[in-house]
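K.L.:
Following the working numbering, the numbering of the sequence shown begins with 2 at its first residue and continues without gaps.
Source of the hints: derived by calculation from the structure; they are not laboratory data. It is possible that some hints are incorrect.
Unchecked claim - Derived DSSO-like pairs: lysine-lysine, alpha-carbon spacing no greater than 27 Å straight-line:
| hint | residue 1 | residue 2 |
| --- | --- | --- |
| 1 | Lys385 | Lys319 |
| 2 | Lys249 | Lys208 |
| 3 | Lys229 | Lys290 |
| 4 | Lys249 | Lys179 |
| 5 | Lys319 | Lys179 |
| 6 | Lys179 | Lys208 |
Claimed, not checked - The calculated label-pair distances, taken between Cβ atoms and stated as ranges, are:
| hint | residue 1 | residue 2 | range |
| --- | --- | --- | --- |
| 7 | Lys229 | Phe174 | 18 to 26 Å |
| 8 | Ile109 | Val148 | 33 to 41 Å |
| 9 | Gly388 | Phe207 | 22 to 30 Å |
| 10 | Gly388 | Arg350 | 44 to 52 Å |
| 11 | Val377 | Lys136 | 21 to 29 Å |
| 12 | Ser143 | Asn228 | 30 to 38 Å |
| 13 | Asp352 | Tyr117 | 23 to 31 Å |
| 14 | Ile215 | Tyr117 | 21 to 29 Å |
| 15 | Arg400 | Ser143 | 29 to 37 Å |
| 16 | Arg152 | Phe383 | 47 to 55 Å |
| 17 | Leu61 | Val377 | 31 to 39 Å |
| 18 | Ile109 | Ala247 | 19 to 27 Å |
| 19 | Arg211 | Ile169 | 44 to 52 Å |
Values in this document were obtained by computation on a predicted structure and should not be read as measured data. The beta carbon of each residue, even a glycine, is placed where N, CA and C say it ideally should be.
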Amino acid sequence: MGRGCRPRRCSQMSRRPLPARFAGHEPLQTARLNQLDGLRGFAALIVVLFHFMSALVPFLVPEQQSNAPWISYSPAAVLWNGTFAVSVFFVLSGFVLTNATIRRPDPIWVNVIIRYLRLACPALLSTCFGWLLLKIFPTEASALHEVTHSRWLLWTYQGDIPSFSAAIRSGVFDIFAKGGSYFNNVLWTMRPELFGSILCFIVCLFKLVRNRIIITSIFLLLIYTLNKYDYGSFIVGIYLREAWAAGKLNFRFPMIAVILGLTIGSQSGDAANILGLDWLPSFLAMGTKDSILYPMAAGLIVYGCINSPTAHRALSGKIGLFLGSISFPLYLVHVPVIYTVFSFIFLIRPDNIIYQVLVFIFAFAAIISLAYMAEVFVERPFLKQLGKLRYFLNDLSSRLRGRIRGHK
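Construct the complete structure from the given sequences, taking the supplied hints into account.
P.N.:
See the structure below:
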């Protein structure tokens with residue numbers, strides 16, 4: 002949504018030696034970690050495109066409308082499957098958070114507080130931003146719905162917009178307790194992000210790799226039993242991190258894993274019926290986040306990207322790094338803009354195709370520009386303050402432990 006994964010930057014991960022197949026490239030620790038930043042950035046871009054298409058051409062999005070054209074069930078459809086892109090976010094979160102926590106074993110209560118603030122503060126700003134735009138443009142999403150008949154355009158407040166205090170409560174509390182917000186509907190991912198992060202922190206309490214694998218496997222069984230497959234992506238991320246740290250993520254043809262993951266991730270909505278795969282058991286259901294296939298496919302993509310020089314070159318260039326840096330702001334700001342300003346401008350000439358294309362291009366560029374400004378002027382200063390708070394809380398924890406020992 003993340004960055005769908007929203008952990009600290011991948012560039013802060015541990016450094017590892019360079020395998021021979023990367024000879025001639027920049028050091029592996031930089032290459033691999035830049036790849037993950039770039040992957041996150043492109044996943045965020047897919048989410049934005051997914052929501053534009055859900056609003057304007059829902060007949061091309063199987064999640065919004067069944068019996069879509071054939072291209073919506075082809076591998077190309079991964080380019081606008083935002084739900085699968087979120088699974089990639091979650092796998093990246095599991096990988097990066099686990100790695101960072103093992104490298105710097107802060108007290109779990111410090112990690113939980115920092116993680117909550119990392120998610121809640123930007124989310125709060127986005128609900129306030131959404132509230133402001135909805136107050137100015139309170140019915141534009143409904144008006145666009147009358148033209149495109151998109152169900153997705155109904156997933157927001159219209160007409161009588163709730164109070165500003167409701168927006169604050171939504172960003173601080175409701176998105177974690179209720180799992181979503183009508184001020185900004187992408188915030189449904191915040192609850193899995195928070196509790197998936199806590200799952201990673203619990204796993205990292207165990208110092209031995211063997212014990213971490215055991216507790217992770219127990220969590221996997223629990224997730225399977227409760228059908229909470231969003232959290233399965235975090236489990237996949239943890240497994241990948243442990244294998245990566247042990248030097249066991251070696252695969253001769255990593256792009257095969259990427260291609261397989263992209264192919265599985267391209268399917269959504271009623272794909273199982275269209276492809277004749279509706280006989281599969283529910284935990285292997287095709288085209289839904291409510292099965293284990295999306296986490297597995299997302300894991301294959303991350304797994305392949307970690308090992309592939311081709312993926313390194315494709316994802317760690319200037320565009321990939323730029324998109325990675327703005328991925329979380331991009332994820333947070335685009336939906337309120339689509340529901341309001343974009344819908345208003347789009348409806349000025351609803352029958353002019355050239356005008357509509359130009360408005361779409363302008364809106365896409367404007368959203369990226371807005372995300373960049375948010376990253377520079379909001380996110381960077383915020384992360385610096387969050388780092389200072391982490392230092393303060395760790396110092397406080399050390400003092401408290403010292404006092405407790407002194408009383409014994």
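K.L.:
Given the hinted pair Lys249 and Lys179, is their Cα-Cα distance within 27 Å?
P.N.:
Given pair Lys249, Lys179 is violated - Cα atoms ~39 Å apart, limit 27 Å.
K.L.:
With 23 to 31 Å as the target window, see if Asp352 and Tyr117 comply at their CB atoms.
P.N.:
violated (47 Å)
K.L.:
With the threshold set at 27 Å, check whether the alpha-carbon distance from Lys179 to Lys208 stays at or below it.
P.N.:
It is violated: about 34 Å lies between the C-alpha atoms, which goes past 27 Å.
K.L.:
State, for the Cβ atoms of Arg211 and Ile169, whether the hinted interval 44 to 52 Å holds or is violated.
P.N.:
Given range 44 to 52 Å: holds, Cβ gap about 45 Å.
K.L.:
Just to be sure I understand the hint, the distance between the Cβ atoms of Ile109 and Ala247 should be within 19 to 27 Å; is that true here?
P.N.:
Hint holds: Cβ distance 24 Å, inside 19 to 27 Å.
K.L.:
Hint says 30 to 38 Å; check whether the CB-CB distance for Ser143 and Asn228 agrees.
P.N.:
holds (34 Å)
K.L.:
With respect to the beta-carbon atoms only, verify the hint that Gly388 and Phe207 lie 22 to 30 Å apart.
P.N.:
holds (26 Å)
K.L.:
Just to be sure I understand the hint, the distance between the Cβ atoms of Arg152 and Phe383 should be within 47 to 55 Å; is that true here?
P.N.:
With a Cβ separation near 34 Å, Arg152 and Phe383 fall outside 47 to 55 Å, so the hint is violated.
K.L.:
Verify the CB-CB distance for Leu61 and Val377 against the hinted window 31 to 39 Å.
P.N.:
Given range 31 to 39 Å: holds, Cβ gap about 34 Å.
K.L.:
Starting from Lys319, check that the Cα of Lys179 is at most 27 Å away, please.
P.N.:
violated (38 Å)
K.L.:
Does Lys319 lie within 27 Å of Lys385 when you go C-alpha to C-alpha?
P.N.:
Holds - the C-alpha atoms of Lys319 and Lys385 are around 24 Å apart, at most 27 Å.
K.L.:
May I ask you to test the hint 44 to 52 Å on the CB atoms belonging to Gly388 and Arg350?
P.N.:
holds (48 Å)
In this structure, the earlier hints numbered 4, 5, 6, 8, 13, 15 and 16 are contradicted, and the remaining ones agree with it.
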